[in-house]
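Work out the full structure: start from the sequences and follow the hints.
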Amino acid sequence: MQIETYGHDIDVTPALREYVDSKLQRLSRHLDRPFEVRVQLSLDKPNHKAEANLVLAGKALHADASAIDMYAAIDLLADKLDRLLIKHRKKQVDHHRGENAARDGSFG
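Going by full-length UniProt numbering, the sequence shown opens with residue 1, and the numbers climb by one from there.
Some hints could be false.
Unchecked claim - Each computed DSBU-like pair below joins lysine-lysine, with the alpha-carbon atoms no more than 30 Å apart:
id, residue 1, residue 2
1, K90, K45
2, K45, K23
3, K59, K23
4, K59, K49
5, K45, K91
6, K90, K49
Claimed, not checked - Here are the in silico distance ranges between beta carbons for each label pair:
id, residue 1, residue 2, range
7, I86, D11, 18 to 28 Å
8, R26, Q92, 31 to 41 Å
9, D79, V55, 17 to 27 Å
10, I68, D32, 31 to 41 Å
11, I10, K91, 11 to 21 Å
12, D69, D21, 26 to 36 Å
13, R38, P14, 26 to 36 Å
14, R33, D69, 17 to 27 Å
15, D11, R89, 31 to 41 Å
16, G58, T13, 18 to 28 Å
17, P14, N53, 19 to 29 Å
18, T13, K45, 28 to 38 Å
Please keep in mind that the hints were generated in silico from the structure rather than gathered at the bench.
Here a beta-carbon is modelled for each residue, glycine too, at the ideal position from N, C-alpha and C.
Here it is, written out as structure tokens:
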């Protein structure tokens, strides 16, 4: 997993970059393949905003979150991305081995 963190009109400190990396590491448990996450941190007064674009093979997911401070916004963003990946995993069905009554042997 590659995580690219950058700021829009704010400086991204090493502490913020490390916090983003630590929070988004849990996303790798959902996917086997490598993927890339681009995180943008910005100040949308009075709130702090964190946005992420997650690029999977052939699909891009987007999430954003805003909160009173940047660390809370990053926490919310990580939770949203976690839910998006779970939803994405549930949508993936192997159509060759999909759920089909004829293949199960349980005809109606």
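Do the hints match the structure? See the list:
| no. | hint | result |
| --- | --- | --- |
| 1 | K90 with K45 | violated, 37 Å |
| 2 | K45 with K23 | holds, 24 Å |
| 3 | K59 with K23 | holds, 22 Å |
| 4 | K59 with K49 | holds, 23 Å |
| 5 | K45 with K91 | violated, 37 Å |
| 6 | K90 with K49 | holds, 28 Å |
| 7 | I86 with D11: 18 to 28 Å | violated, 33 Å |
| 8 | R26 with Q92: 31 to 41 Å | violated, 19 Å |
| 9 | D79 with V55: 17 to 27 Å | holds, 20 Å |
| 10 | I68 with D32: 31 to 41 Å | holds, 36 Å |
| 11 | I10 with K91: 11 to 21 Å | violated, 35 Å |
| 12 | D69 with D21: 26 to 36 Å | violated, 18 Å |
| 13 | R38 with P14: 26 to 36 Å | violated, 18 Å |
| 14 | R33 with D69: 17 to 27 Å | violated, 33 Å |
| 15 | D11 with R89: 31 to 41 Å | holds, 35 Å |
| 16 | G58 with T13: 18 to 28 Å | violated, 34 Å |
| 17 | P14 with N53: 19 to 29 Å | holds, 22 Å |
| 18 | T13 with K45: 28 to 38 Å | violated, 19 Å |
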